[in-house]
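Asks: Sequence:
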Amino acid sequence: MKAILVLTAAIAFAAAPFQFPEFRGFDPDLYPVPQVDPPVQPAGYAFGIWGVIYLWLLGHAGYGLFARADDAAWDITRWPMIVSLVIGAAWLGVALTSPLWATLLIWVMLVAALAALFPAARGGDRAWLALPVGLYAGWLTAASWVAIGLTGAGYGIGPGQTGWAVIGLAGAIAMAAAVQYRLPRTPSYGIAAVWALVAVVVRNFGTAPGLAALAALGALALAGLLGWQWRLQRGS
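Residue 107 in our numbering sits at position 107 of the sequence shown, with consecutive numbering throughout.
In case anyone wonders, no lab produced these hints; they're calculated from the structure.
One should not assume that every hint holds.
[As the list claims (entries may be wrong)] Each pair of labels, with its calculated beta carbon distance range:
(1) D27 / V52: 20 to 28 Å
(2) A223 / K2: 32 to 40 Å
(3) A72 / G44: 36 to 44 Å
Keep in mind that this is a model prediction, so the values were computed, not measured.
Glycine included, C-beta positions come from ideal geometry on N, C-alpha and C.
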């Protein structure tokens, strides 16, 4: 039954963009301080990663149901994935009306995805278990910290748009590095984070070189960690 629920939730999650095609990011005017062209947000092309995430999660859920329905290594990941995907299926609708609630919910999605990822990384079937969940959790890590940066600046708290962009980037880099360090066999997590950071570089290269440099350093550090882990894996 849990495997069926994961597949159902994954289908609803992947269908959400068709249900809410008008969503193009948080409406700047929904914040008390409108967030027009926020520097913490990646360049628009980066969101194309969602196509890969949706398809891979559908494959993950289908393979889990039809080939691994009774596998204990899969089963331990299912409740967290159900929670994350069910919330994700409703997230776009919430984001259209309340960025604050959307920020709270995306953090719940992230925590649940990480709760699935760590046991998934210890199991087999990397291509259908750990790697798709890792890509999903890696992008959620970046998106969750972007949401923090938008919320802080949008509600006029503390250091303003640039300061909150630094906080968001630093938080994303630190969390991604800490998680990836513990998941040497799941490079998809770090790859998603690097993808997001490079897109932040692209967005800010000509307008906020300091932020672009911070994002570039974070991307290079994560890429170096991934390369080191890959060499260790090849040598073992």
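Asks: With reference to the structure, classify each hint as holding or not holding.
Replies: Verification of the supplied hints:
1. At about 26 Å, the CB distance of D27 to V52 agrees with the hint of 20 to 28 Å.
2. Our hint of 32 to 40 Å for A223 and K2 holds, since their Cβ atoms are close to 36 Å apart.
3. The given range of 36 to 44 Å is respected by A72 and G44, whose C-beta atoms sit roughly 41 Å from each other.
Of the numbered hints stated above, none is contradicted by the structure.
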